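Colleague: Sequence:
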Amino acid sequence: MDFLDSLNPQQREAVAHTDGPLLILAGAGSGKTRVITHRIAHLIHTLGVPPYSIAAVTFTNKAAAEMRERVEKLLAGHNSVSGLVVSTFHSFCVRLLRRDGTALADLRPGFTRDFTIYDEDDQLGIVKSIYRQHGIDEKQFLQYRAAISRISHAKNHKLSPEEVLNTAKDPKTRKLAAVFEEYEGRLRQANALDFDDLLLESVRLLRHDGRTRGAYNERIAHLLIDEYQDTNRSQYELMRLLTEIHQDVCVVGDEDQSIYSWRGADIRNILDFEQDFPKALTIRLEQNYRSTKNILDAASKVVSNNTQRKGKWLWTSADAGAKIGVFEAADGENEALFIADSIEKLLRDAPGERVAVLYRTNFQSRQIEEALRRYGRKYRVIGGFSFYQRAEIKDLLSYLKTLASPLDSVNLLRIINTPARGIGKSTVEQIERYAIENGMAMWPAIGRLLEENAFPARAAAAVAVFRDLIEELRDASTKEPLDETVRLILEKTGYTRMLELDDSPDSEARRENLSELVNAAAEAAERGEGISEFLDHAALVSDSDDLDEQAQVSLLTLHNAKGLEFPFVFLAGLEEGLFPHSRSIDSETALEEERRLCYVGMTRARKRLTLSWAHYRRRFGGGPGEQCIASRFLSEIPRELVEPFGARTAPREVNLFAEQYAVRESARKNTFTGKTYNSLDNISEFFAARGVAPIPPNAGAEGLRLVQPKPPAGAATPAARGKKTGTGSIIDHPRYGKGTVIRREGDGEDAKLTVSFPGYGLKKIVAKYAGLKSHE
DNA sequence: TGATTGTTTGCTCCA
DNA sequence: CAAACAATCA
Numbered sequence: 129m130d131f132l133d134s135l136n137p138q139q140r141e142a143v144a145h146t147d148g149p150l151l152i153l154a155g156a157g158s159g160k161t162r163v164i165t166h167r168i169a170h171l172i173h174t175l176g177v178p179p180y181s182i183a184a185v186t187f188t189n190k191a192a193a194e195m196r197e198r199v200e201k202l203l204a205g206h207n208s209v210s211g212l213v214v215s216t217f218h219s220f221c222v223r224l225l226r227r228d229g230t231a232l233a234d235l236r237p238g239f240t241r242d243f244t245i246y247d248e249d250d251q252l253g254i255v256k257s258i259y260r261q262h263g264i265d266e267k268q269f270l271q272y273r274a275a276i277s278r279i280s281h282a283k284n285h286k287l288s289p290e291e292v293l294n295t296a297k298d299p300k301t302r303k304l305a306a307v308f309e310e311y312e313g314r315l316r317q318a319n320a321l322d323f324d325d326l327l328l329e330s331v332r333l334l335r336h337d338g339r340t341r342g343a344y345n346e347r348i349a350h351l352l353i354d355e356y357q358d359t360n361r362s363q364y365e366l367m368r369l370l371t372e373i374h375q376d377v378c379v380v381g382d383e384d385q386s387i388y389s390w391r392g393a394d395i396r397n398i399l400d401f402e403q404d405f406p407k408a409l410t411i412r413l414e415q416n417y418r419s420t421k422n423i424l425d426a427a428s429k430v431v432s433n434n435t436q437r438k439g440k441w442l443w444t445s446a447d448a449g450a451k452i453g454v455f456e457a458a459d460g461e462n463e464a465l466f467i468a469d470s471i472e473k474l475l476r477d478a479p480g481e482r483v484a485v486l487y488r489t490n491f492q493s494r495q496i497e498e499a500l501r502r503y504g505r506k507y508r509v510i511g512g513f514s515f516y517q518r519a520e521i522k523d524l525l526s527y528l529k530t531l532a533s534p535l536d537s538v539n540l541l542r543i544i545n546t547p548a549r550g551i552g553k554s555t556v557e558q559i560e561r562y563a564i565e566n567g568m569a570m571w572p573a574i575g576r577l578l579e580e581n582a583f584p585a586r587a588a589a590a591v592a593v594f595r596d597l598i599e600e601l602r603d604a605s606t607k608e609p610l611d612e613t614v615r616l617i618l619e620k621t622g623y624t625r626m627l628e629l630d631d632s633p634d635s636e637a638r639r640e641n642l643s644e645l646v647n648a649a650a651e652a653a654e655r656g657e658g659i660s661e662f663l664d665h666a667a668l669v670s671d672s673d674d675l676d677e678q679a680q681v682s683l684l685t686l687h688n689a690k691g692l693e694f695p696f697v698f699l700a701g702l703e704e705g706l707f708p709h710s711r712s713i714d715s716e717t718a719l720e721e722e723r724r725l726c727y728v729g730m731t732r733a734r735k736r737l738t739l740s741w742a743h744y745r746r747r748f749g750g751g752p753g754e755q756c757i758a759s760r761f762l763s764e765i766p767r768e769l770v771e772p773f774g775a776r777t778a779p780r781e782v783n784l785f786a787e788q789y790a791v792r793e794s795a796r797k798n799t800f801t802g803k804t805y806n807s808l809d810n811i812s813e814f815f816a817a818r819g820v821a822p823i824p825p826n827a828g829a830e831g832l833r834l835v836q837p838k839p840p841a842g843a844a845t846p847a848a849r850g851k852k853t854g855t856g857s858i859i860d861h862p863r864y865g866k867g868t869v870i871r872r873e874g875d876g877e878d879a880k881l882t883v884s885f886p887g888y889g890l891k892k893i894v895a896k897y898a899g900l901k902s903h904e
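All the letters of the first sequence, read from the start, carry residue numbers 129 to 904 under the working numbering.
Keep in mind the hints are simulated off the structure, nothing from the lab. As the structure is a computational prediction, the values presented were derived from the model and not from experiment. Check each hint, because a few of them may be wrong.
Unchecked claim - In the SDA-like style, the derived pairs of lysine to any residue whose C-alpha atoms are separated by at most 20 Å in a straight line are:
| # | residue 1 | residue 2 |
| --- | --- | --- |
| 1 | Lys256 | Glu716 |
| 2 | Lys303 | Tyr272 |
| 3 | Lys438 | Glu716 |
| 4 | Lys267 | Asp298 |
Claimed, not checked - If you anchor each label on the Cβ, the simulated ranges turn out as follows:
| # | residue 1 | residue 2 | range |
| --- | --- | --- | --- |
| 5 | Glu654 | Asp242 | 17 to 23 Å |
| 6 | Ser210 | Gly342 | 19 to 25 Å |
| 7 | Pro572 | Gly211 | 41 to 47 Å |
| 8 | Ala650 | Asp242 | 36 to 42 Å |
Just so it is clear, CB atoms sit at the ideal spot from N, CA and C, and this is done for glycine as well.
Let the sequences and hints guide you as you build the complete structure.
Modeller: Here it is in structure tokens:
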């Protein structure tokens, strides 16, 4: 059996070159996964390399699992792959630190191998607590998230709090340095590592601990790194530290697909590879096996507008295929309906095919979901609100973390009064203050305060109950299997009871989520996992990990689409300010990354690619929206490759002076944001709210094109129109003069109107008090 | 203390 | 629109 036969010459060379550093510049769809898997199979089968001396690092757990599976398949009946390491950098580091991290305690006092991993929520908790402690006002200083990202940035650039302080040029940065220092202190006190630390501390450990480094170097004779263009500096250093002996490192990447610079990805890693390894061989894979010629040409043309690239031109032997569809929608809803309708037609002609709808930001999924639901089409949203981010799941995980590590104050804080057990704000503050004053974690502080009788009577009782509860559960957690522990937590803390008493519509869904968690715990327990492995898993799963290949329609962000392919792809929201995102528009570098993102998105499509944009898009639910112009990326696609279709009629004019100003302001401040909402679970409620019957699946798009553009915001009800204060109508205000109604809440005389008055801006007024005269 | 109500405000993308 | 927070009252 030969793993070279089915490959093209460049791929073959890449697979066969196994005795020195190798850089594979693999264009989109050029078969890089194929090369990696074949390379591993070749090493094991043909060269007789033991699987355990091969390590492959990928970007997501899902990619890792898939890769392992494909290698297994290739070697089926010939070799076992047991011992082969395929994982993400983060998982790799967690395992390294858990298994061989003891020596890190030399550099990081208090570190033990059963450290906790802090996710973004935990970080937020720490920063909030620090702000509270120092009386910092979020509004006057940095927003929590901004502070976190600046801290993370500093860490990734190997800056200590002192260095931040010393190089600070403004008071804000000096203050940030103080927050940073405190933040690091809190992590250490809780024996916790954040995501950055997982990598950073692994690097420090390997630097410091020669024995461990030696052992890993000895063992890993062949290292493969996928998506190399998105590695950051620590990942790079890790690679260097792991390849000191064998130097057989194979990195695969594509500088045109580098889309994670905001997370610290350092493009130098790929650009300088040949300098770092003078003996390196570079191989380019430029034949694309995925897309039609039109798709490939369009994508290549777009990305060729970038200056920071090595430059390559993909080619294909495939047919031209369909042209790139470009739909110009009146508004976001229209766009969503168009997509849903097209999918419907498409799947009627080609049942069983997979379709993806890609977008720049998560909030865009909401409208598309609604449209798909309207057609009764099943879909799957990847990312956004993942299972492990749900409040009830996080609560339960917090209990587990609290049981596993008594010094973890952040998680203790989360659950101390959930469900409510009489430990109120003032009591919590008392504990927190005491803990900080005495430099201890909150859990021991609770014990001390109880001993000293420092609580008011009622609080003392509640806190004592809580302490006993946690101790009881902690004791149980050491004896019982994991799922039993989870079940005990649900029961003893009254969490289940709390949900049972809650008659809100989503409490049932929450209970189901929790029972799913119990199942997950049971499965983990069967695999012999304890609390910390279970928590590691929860911390390291990524949104794209739960991509269901079977789902016919997938909704996902462009970032999540990396590495995937679909026969049919819709790319929505190609508007200036949205994609490219307004935050990236001022910087040439950031803009180029947006363009690469566009390239990634376009090259996901195999057969047909449809782009769309809307003239008018609402940012938050019913609020005033914004007029948009087409993304520059659209104009970068050669006209002859485009098939324009859709309503060419301009949407209703929203030429309001004040609103335009407001729009520009908000665009400047980038309020183009949104959350991924858990979509409405109740379909009939959804339709009832809109007073429409679901469109039957076979309704066809012909009617759709005639859909009148929606009025700009908050559809005017017939009643409202009767009063002539509906949206869009002009009213006369005694003080502000003539203005246009932009938004209307409520009915009749009680209605609250948002009116745009030229020269005064947006005003909220109540119809019956304002003494309005309406015009028509 | 904690439930309820009102008000504000969303700086993307993610392991 | 919906989450997060603040203010208010029982």
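Colleague: Next step is simple, just say for each hint if it's right about the structure.
Modeller: To see whether the hints hold, each was checked on the structure:
Simply put, Lys256 and Glu716 have alpha-carbon atoms about 34 Å apart, too far for the 20 Å limit, and the pair is violated. Between Lys303 and Tyr272 the CA atoms are separated by roughly 13 Å; this keeps the pair inside 20 Å, and the hint holds. With a CA separation close to 17 Å, the supplied pair Lys438 and Glu716 stays within the 20 Å bound. For the hint pairing Lys267 with Asp298, the CA-to-CA distance comes to about 17 Å; that is within 20 Å, so the pair holds.
Distance hint check for Glu654 and Asp242: the Cβ-Cβ separation is about 22 Å, which falls inside the suggested range of 17 to 23 Å. The hinted window of 19 to 25 Å between Ser210 and Gly342 holds, with their beta carbons roughly 24 Å apart. The hinted window of 41 to 47 Å between Pro572 and Gly211 holds, with their beta carbons roughly 42 Å apart. Look at Ala650 against Asp242: about 22 Å separates their beta carbons, and that is not inside 36 to 42 Å.
In summary, the structure is inconsistent with hints 1, 8 from the numbered list given earlier, while agreeing with the others.
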